[in-house]
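*Asks:* First to last, the protein sequences are chains A and B. At position 120 of the first sequence (counting the first as 1) the number is 120 in my numbering, and the numbers step up by one without a gap. At position 193 of the second sequence (counting the first as 1) the number is 193 in my numbering, and the numbers step up by one without a gap.
Because the hints were derived from the structure by calculation, they are not lab data.
BS3-like cross-link-like pairs, simulated, lysine-lysine; straight-line CA separation at most 25 angstroms:
1) B:Lys99 - B:Lys45
2) A:Lys263 - B:Lys276
3) A:Lys83 - A:Lys61
4) B:Lys133 - B:Lys99
5) A:Lys263 - B:Lys274
6) A:Lys126 - A:Lys83
Here are some, though not all, of the chain A residues that point toward chain B, as calculated from beta-carbon distances under 10 angstroms:
7) Ser43
8) Gln160
9) Asp187
10) Gln193
11) Phe195
12) His214
13) Asp215
14) Gly217
15) Thr245
16) Tyr251
17) His261
18) Glu275
19) Val276
20) Ala277
21) Ile279
22) Val280
All values reported here derive from a predicted model rather than from experimental measurement. Where a beta carbon is used, it is the ideal one built from N, C-alpha and C, also for glycine.
Each chain, written out:
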Amino acid sequence: MNALLKVENLRIELSTRAGVVPVIDNLSFELNAGETLSFVGESGCGKSMTALGIMGLLPEKIGRIASGTILLDGEDITKAGKKRLREIRGNDISMIFQEPMTSLNPVFTIGEQIAEVLRQHQNLGKKEAWASSVELLDAVRIPDARRRASSYPHQLSGGQRQRVMIAIALACKPRILIADEPTTALDVTIQAQIFDLLEELRAQFGTAIIMITHDMGVVAEIAERMIVMYAGRMVEQGEVDLVLTRPRHPYTKGLIECVPHLKATVTEERAELTEVAGIVPSLAEFGQNACLFASRCNLADQHCLQTRPVEHHFDSQQISACWHAENV
Amino acid sequence: MDTRTQNEILLDVANLTVRFPANRGVFPGKKRWLNAVDNITFTIKRGETLALVGESGSGKTTTALAVARLVKAHTGSVILDGKNFLALKDEQLRVARAKLQFIFQDPYSSLNPRLNAEAIVREPLESLIADDKTNHDQVIDQLFEAVGLRPEQKKLFPHQFSGGQRQRIGIARALATQPELVICDEPVSALDVAVQAQIVNLLRRLQHQRNLTYLFISHDLGVVQHMCDRIAVMYMGKIVEFADRMSLFNNPQHPYTAALLSAVPSVDRERRSKFKRILIPGDPPDAINPPMGCRFSSRCPVATIACSESEPPLKARRDGHLVACHLVSDSGESPVSITG
Numbered sequence: 001m002n003a004l005l006k007v008e009n010l011r012i013e014l015s016t017r018a019g020v021v022p023v024i025d026n027l028s029f030e031l032n033a034g035e036t037l038s039f040v041g042e043s044g045c046g047k048s049m050t051a052l053g054i055m056g057l058l059p060e061k062i063g064r065i066a067s068g069t070i071l072l073d074g075e076d077i078t079k080a081g082k083k084r085l086r087e088i089r090g091n092d093i094s095m096i097f098q099e100p101m102t103s104l105n106p107v108f109t110i111g112e113q114i115a116e117v118l119r120q121h122q123n124l125g126k127k128e129a130w131a132s133s134v135e136l137l138d139a140v141r142i143p144d145a146r147r148r149a150s151s152y153p154h155q156l157s158g159g160q161r162q163r164v165m166i167a168i169a170l171a172c173k174p175r176i177l178i179a180d181e182p183t184t185a186l187d188v189t190i191q192a193q194i195f196d197l198l199e200e201l202r203a204q205f206g207t208a209i210i211m212i213t214h215d216m217g218v219v220a221e222i223a224e225r226m227i228v229m230y231a232g233r234m235v236e237q238g239e240v241d242l243v244l245t246r247p248r249h250p251y252t253k254g255l256i257e258c259v260p261h262l263k264a265t266v267t268e269e270r271a272e273l274t275e276v277a278g279i280v281p282s283l284a285e286f287g288q289n290a291c292l293f294a295s296r297c298n299l300a301d302q303h304c305l306q307t308r309p310v311e312h313h314f315d316s317q318q319i320s321a322c323w324h325a326e327n328v
Numbered sequence: 001m002d003t004r005t006q007n008e009i010l011l012d013v014a015n016l017t018v019r020f021p022a023n024r025g026v027f028p029g030k031k032r033w034l035n036a037v038d039n040i041t042f043t044i045k046r047g048e049t050l051a052l053v054g055e056s057g058s059g060k061t062t063t064a065l066a067v068a069r070l071v072k073a074h075t076g077s078v079i080l081d082g083k084n085f086l087a088l089k090d091e092q093l094r095v096a097r098a099k100l101q102f103i104f105q106d107p108y109s110s111l112n113p114r115l116n117a118e119a120i121v122r123e124p125l126e127s128l129i130a131d132d133k134t135n136h137d138q139v140i141d142q143l144f145e146a147v148g149l150r151p152e153q154k155k156l157f158p159h160q161f162s163g164g165q166r167q168r169i170g171i172a173r174a175l176a177t178q179p180e181l182v183i184c185d186e187p188v189s190a191l192d193v194a195v196q197a198q199i200v201n202l203l204r205r206l207q208h209q210r211n212l213t214y215l216f217i218s219h220d221l222g223v224v225q226h227m228c229d230r231i232a233v234m235y236m237g238k239i240v241e242f243a244d245r246m247s248l249f250n251n252p253q254h255p256y257t258a259a260l261l262s263a264v265p266s267v268d269r270e271r272r273s274k275f276k277r278i279l280i281p282g283d284p285p286d287a288i289n290p291p292m293g294c295r296f297s298s299r300c301p302v303a304t305i306a307c308s309e310s311e312p313p314l315k316a317r318r319d320g321h322l323v324a325c326h327l328v329s330d331s332g333e334s335p336v337s338i339t340g
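Here chain A stands alone, though its shape is the one from the complex:
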């Protein structure tokens, strides 16, 4: 089967004061139709840059795709012009962001904002677009959608705003939805509602989802496959269940163990949490021919400091970019 989205050897560079930095360094992955794929990692590891790269929304003049291809159904969208990209965004790929407060326009009603997408991308008339936006609000479970369509963003709660964002993103029934930390700003009970909604919409429309998060619990709950990123590089990739039970990269292992997860039964015992010493490297250190995690890793040796690890493929389809992958 051909993948819906195929990213090959993607390299995204940002011009910073420290020079040109590869914030995404040789990233390859595939996304199949209807699948949920999760990107995990600490802040500054390149999760959001990957999303912006795919959307063609890298910061102008500062960021660019230096090499590699992004194939959407066989079409290389890194070569697409502005007009074509605008068609792809919304129709084929759309995105929801972390901050539902700041991603909506405060001076338009939510109905107008959804209708705008439909008028732009599907050439609907004013009346039809409005009717569709009411239907969409209903589909994302906004109570009393007909009346609510005339509300302004500030009249909604955080959870409702994120629902509106989802309605806008799904207006043109895209094949891929990129969700960048969509629930980080929300309470857990609201988060659970949003995940259920995404899951239903995926079942209904067959939308593939790229979920960007830092929470391993979220990954376990909704994704089938996951990619762990560190300093702009993929360090591990595989099926969620396999990676969580048997991580093959020391960073993945650290990320799982450093969080006090809720277990099935809470017991008296509370061991110290595993610490991953140190912090994420600064942008200036990106792109070196070395393992960038070595300074925080207890398996690291001289070799790790001198040569960038090659990807180690396991029988389980897990991939780990670590010289000591067998010993993790």
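With chain A held as given, fit chain B onto it using these hints.
*Replies:* Coordinates of chain B only, in the frame set by chain A:
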């Protein structure tokens, strides 16, 4: 170890209410109030960690601010180490403030950018501790070591530190006056997960070394489970459930607690298969016009008519587990089951 007994109550909060004026619009009219914290009562034992959990807007932070006198309580009393903290004045208040210190959520905005790390830690020493200043240097050196900062970092300014290191400075500042009660308001939620572990471990280590008592506020139930001995669950300004750690996490009785716990995504496959998700619809209602009767009744999956008629009192059930719900039986059986 102290000469006082371990079980002594360090903090006793009774009938605490905090309200804010909530007049909407420009016309003066009847004054309306929003009760951010509504008549809550709890105690913290010396050396233990009490967690306040709940969703945003439930009154966790306001409770902590009122306890520390950083917002004014409308009614109620806060007895800290035998003295009514809310009634203290001048010199007595200054002495008492040294016993109660605060660690804030945001390590970026809670440190003065114009002071270096040493001066930040020195500030509470100079304003709250009356003794001679000659041993302040020694105290500061010890604090830097205790929180894992190097001596040469004393001269650096906040912007030169990472988020985790800044939170370490915040912790050193809070410990400078040798407090007995430390209020930690979401101390790790602004940090990356790998750094969170470092700070959580540090807080627990310091608690053992210095016999500290924590009032710990968090929305992250995983962290709460790891840090805290007893937990108070808040919903719209009220405590709805109060229990020790094992009892609360393994046997939640209030439907809201059950829903909250069931909504936490977990990496533990056993937990995911054992617990079913209890979905509570909608958002918390308007805090200015809370629902009649039980405040959770408008979202509760098992609410009856009685629930919207009278407000359930916080009542002891089995094992000293306090619950405010009409539907929990006297033997502590919850009306909703999270396993199944």
